[in-house]
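A.B. asks: In case you want the letters, here they are:
Protein chains: 2
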Amino acid sequence: MKIYINPDKSEWSELLKRPSETVGDIETIVNAIFNAIKTSGDKAVADYTSKFDKVELTTFLVAEDEINDASNKISKELKEAINLAKSNIEKFHSAQKTDRVFLETIEGVECWQEKRPIQKIGLYIPGGTAPLFSTVLMLAVPAQIADCDEIVLCSPPNKDGKIADEILYTAQLCGVTKIIKVGGIQAIAGLTFGTETIPKVYKIFGPGNQYVTVAKQLATKYGVAIDMPAGPSELLVMADESANSAYVASDLLSQAEHGSDSQVILVTSSMKFAEQVNQEVKSQLKDLPRKEMATNAINNSKSIVVDNFETALELIDEYGPEHFIVCTNYNNFFVDNIGNAGSVFIGDYTPESAGDYASGTNHTLPTNGFSKAYSGVNLDSFLKSMTFQKISRKGIKNIGPAIELMAEAEGLQAHKNAITKRLNDLK
Amino acid sequence: MKIYINPDKSEWSELLKRPSETVGDIETIVNAIFNAIKTSGDKAVADYTSKFDKVELTTFLVAEDEINDASNKISKELKEAINLAKSNIEKFHSAQKTDRVFLETIEGVECWQEKRPIQKIGLYIPGGTAPLFSTVLMLAVPAQIADCDEIVLCSPPNKDGKIADEILYTAQLCGVTKIIKVGGIQAIAGLTFGTETIPKVYKIFGPGNQYVTVAKQLATKYGVAIDMPAGPSELLVMADESANSAYVASDLLSQAEHGSDSQVILVTSSMKFAEQVNQEVKSQLKDLPRKEMATNAINNSKSIVVDNFETALELIDEYGPEHFIVCTNYNNFFVDNIGNAGSVFIGDYTPESAGDYASGTNHTLPTNGFSKAYSGVNLDSFLKSMTFQKISRKGIKNIGPAIELMAEAEGLQAHKNAITKRLNDLK
Numbered sequence: 001m002k003i004y005i006n007p008d009k010s011e012w013s014e015l016l017k018r019p020s021e022t023v024g025d026i027e028t029i030v031n032a033i034f035n036a037i038k039t040s041g042d043k044a045v046a047d048y049t050s051k052f053d054k055v056e057l058t059t060f061l062v063a064e065d066e067i068n069d070a071s072n073k074i075s076k077e078l079k080e081a082i083n084l085a086k087s088n089i090e091k092f093h094s095a096q097k098t099d100r101v102f103l104e105t106i107e108g109v110e111c112w113q114e115k116r117p118i119q120k121i122g123l124y125i126p127g128g129t130a131p132l133f134s135t136v137l138m139l140a141v142p143a144q145i146a147d148c149d150e151i152v153l154c155s156p157p158n159k160d161g162k163i164a165d166e167i168l169y170t171a172q173l174c175g176v177t178k179i180i181k182v183g184g185i186q187a188i189a190g191l192t193f194g195t196e197t198i199p200k201v202y203k204i205f206g207p208g209n210q211y212v213t214v215a216k217q218l219a220t221k222y223g224v225a226i227d228m229p230a231g232p233s234e235l236l237v238m239a240d241e242s243a244n245s246a247y248v249a250s251d252l253l254s255q256a257e258h259g260s261d262s263q264v265i266l267v268t269s270s271m272k273f274a275e276q277v278n279q280e281v282k283s284q285l286k287d288l289p290r291k292e293m294a295t296n297a298i299n300n301s302k303s304i305v306v307d308n309f310e311t312a313l314e315l316i317d318e319y320g321p322e323h324f325i326v327c328t329n330y331n332n333f334f335v336d337n338i339g340n341a342g343s344v345f346i347g348d349y350t351p352e353s354a355g356d357y358a359s360g361t362n363h364t365l366p367t368n369g370f371s372k373a374y375s376g377v378n379l380d381s382f383l384k385s386m387t388f389q390k391i392s393r394k395g396i397k398n399i400g401p402a403i404e405l406m407a408e409a410e411g412l413q414a415h416k417n418a419i420t421k422r423l424n425d426l427k
Numbered sequence: 001m002k003i004y005i006n007p008d009k010s011e012w013s014e015l016l017k018r019p020s021e022t023v024g025d026i027e028t029i030v031n032a033i034f035n036a037i038k039t040s041g042d043k044a045v046a047d048y049t050s051k052f053d054k055v056e057l058t059t060f061l062v063a064e065d066e067i068n069d070a071s072n073k074i075s076k077e078l079k080e081a082i083n084l085a086k087s088n089i090e091k092f093h094s095a096q097k098t099d100r101v102f103l104e105t106i107e108g109v110e111c112w113q114e115k116r117p118i119q120k121i122g123l124y125i126p127g128g129t130a131p132l133f134s135t136v137l138m139l140a141v142p143a144q145i146a147d148c149d150e151i152v153l154c155s156p157p158n159k160d161g162k163i164a165d166e167i168l169y170t171a172q173l174c175g176v177t178k179i180i181k182v183g184g185i186q187a188i189a190g191l192t193f194g195t196e197t198i199p200k201v202y203k204i205f206g207p208g209n210q211y212v213t214v215a216k217q218l219a220t221k222y223g224v225a226i227d228m229p230a231g232p233s234e235l236l237v238m239a240d241e242s243a244n245s246a247y248v249a250s251d252l253l254s255q256a257e258h259g260s261d262s263q264v265i266l267v268t269s270s271m272k273f274a275e276q277v278n279q280e281v282k283s284q285l286k287d288l289p290r291k292e293m294a295t296n297a298i299n300n301s302k303s304i305v306v307d308n309f310e311t312a313l314e315l316i317d318e319y320g321p322e323h324f325i326v327c328t329n330y331n332n333f334f335v336d337n338i339g340n341a342g343s344v345f346i347g348d349y350t351p352e353s354a355g356d357y358a359s360g361t362n363h364t365l366p367t368n369g370f371s372k373a374y375s376g377v378n379l380d381s382f383l384k385s386m387t388f389q390k391i392s393r394k395g396i397k398n399i400g401p402a403i404e405l406m407a408e409a410e411g412l413q414a415h416k417n418a419i420t421k422r423l424n425d426l427k
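Sequence lines, in order, name chains A and B. Per full-length UniProt numbering, the first sequence starts with residue 1, numbered consecutively. Per full-length UniProt numbering, the second sequence starts with residue 1, numbered consecutively.
Next comes chain A alone, as it looks inside the complex:
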């Protein structure tokens, strides 16, 4: 990690730049596949699955005995681990339930706000080298708490036409109603338009590569909501000399192993600490199976030495990290004042891994500075809030005259008439 010492504010924006992506070409491919799926449904799904996943499938729906088989193959220990994580995630997301907000704003005018479930949702779980069953937990558990009617999970088949056992097991454990073997752009297109096998949904959740990300973006053009725009995962650690450099290095590496485009940043008040972390990173890197990826990510990463905490906070807020670990003697200063971060991890014994898997918080978080405007996935992501109002005769008399004046000033006579008609009858 290259070390930068007290960089001038004018250099921050360049220094904090995320690795950028070009999406021009991808859009053409995504558009073509969307059109094919819209027109030809399952037939097109089969064609693209053959092309991209190298497997010929005639049915995409996972059958019950496949799920049972998968469940039998998971070790007792892993099942217990998944159960522990599920229990914590359930507790924390259940605690996010809110009551109906009811208010009589003025005599006779009752207004309330209620949250109701998004009825049909789609979860996308990538395939590839690592079976991300932890993401199944993070999406299906709150969906079930929110009481969504239809929870459809799509994940690409491997060359044997299968989805990883861990994903199938976790999906059935968390109330997924339909598991479908379809991946990539064709999965997102299927969830957008619906096919013979894939139900059309109202909102799509889940991570994916650049193709999936662009496909989700396109889905919004067809009226389907998405959890949030995605980008490569990232971690910023704020540490002073009170922190443990070996722990900090292990956290930076756990982020770096996600992929070559992952970004990790260390902000520290101590040059010496930055150097210690660099040493530790070097030594811990050696034994990692995903060493190559992690090394690339580490090479793109930065240590920034800042000589006061106010400046550090300002810099972190400008970056808006997805994951923010703070290990200093002044943690409360950062916790109380940070404005932009997806999830904050406090102290030596709170590694990012904890939130990735089992503490109870959600790991689907805004990357790419989106923490400035977006929440991470939480219970509300599976609900929408609706308002209601009921006005009595007394109520319309109380607010009617104001509405008449305002509607007239906006030049909307029919809006005024709707009030006047009622007020006249009440005279």
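Quick caveat, the hints were computed from the structure, so don't treat them as lab data.
Capping the alpha-carbon separation at 30 Å, the derived lysine-lysine pairs in DSBU-like fashion look like this:
1. K421/A to K91/B
2. K397/B to K91/A
3. K286/A to K427/B
4. K427/A to K91/B
5. K97/A to K97/B
6. K221/A to K302/B
7. K272/B to K427/A
8. K9/A to K178/B
9. K397/A to K91/B
10. K17/B to K43/A
11. K115/A to K97/B
12. K86/B to K427/A
13. K17/B to K221/A
14. K97/B to K91/A
15. K86/B to K115/A
16. K200/A to K17/B
17. K178/A to K9/B
18. K38/A to K221/B
19. K86/A to K397/B
20. K2/B to K421/A
21. K291/A to K397/B
22. K221/B to K17/A
23. K76/B to K394/A
24. K221/B to K200/A
25. K54/A to K178/A
26. K282/A to K421/B
27. K38/A to K9/B
28. K9/A to K43/B
29. K17/B to K115/A
30. K394/B to K76/A
31. K286/B to K427/A
32. K86/A to K421/B
33. K79/B to K394/A
34. K200/A to K9/B
35. K54/A to K291/A
36. K38/B to K221/A
37. K79/A to K394/B
38. K86/B to K97/A
We have chain A already, so just place chain B on it with the hints.
C.D. replies: Just chain B, lined up with the frame of chain A:
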């Protein structure tokens, strides 16, 4: 309004289709203006303002004396009306504040969720024939309650280079920090990239024509969030013979006057009532200043006679109306069971106008069936939720082994290492 009697379910989707728009050409224009504003800032803003708004401006920022002048020109009565509306909107949106959610999910693992303001937001208020100061109330009031630092309002100048007095007055009343005379695509581009005058913001709110809608969509590609995708406004009224046909007609017309592309639908259990409403609409239409627009909208609109309430509810849920008025002898059935609607208006004395202006609920609502997945604007639209966690030695011992197992099963060794390092030290 054309009357449809007990349409077959297979015809619903065609019957409930919204008027569609073609956005192909618009995208090219929007892209060109975004590029120009990104490159040339205020200079490009001036050029497009000259081109589209037919006025030459050298400064875009509204000066304090312009606001004072505007304030002096608003009648005392209108000010009082605005104050009443503001007070109700304030009360209802303040009531939506939520507490920090704090939970020890397992001994030693403390997780919490807090909402913090989106620091910089942009409000777009259209110009044109009607000065929509009510929308200023609906956006700026909750932004102020949320404690957003920077609230920038953009609205196009008229041919005299001015913004309507009502908009200026309401903006300063509700804590807008900067008012800028810029409209259309150039306003959205300015808020996206920032110019010498227009601050770059994190989220853009507000209605607009098709150009503004496409521009807001494009802004999301550059990492700026938006309130929600937009479409023409719409109203669905569910009424039986217990309802007042004159009131229902006045409500349908108040929606219809928004524009020729507005959509109004009446669902009723009574053919006779549908005919009465048609009569009333005809007679009330005559005196409307925006008669032509309203007539066009009414011509596109439908009365659907359905002979049982369960079917009616199912049909309404499939449509997912922005505004839903229910005036029947069984209002609770609809209120309790409706899954998809932006805002629900209950009973004879609760016209849509009430929520448009002064009852306290927000009038920025999901159109185009987006109520299936999106909330209307509410206090949370100006906040993002962040999670925090703090784990003790005891806590990491409790969840660490499960994390190790799960990380290993996902093939993420560095995630496991981050735990193992800590657990080893605690042995």
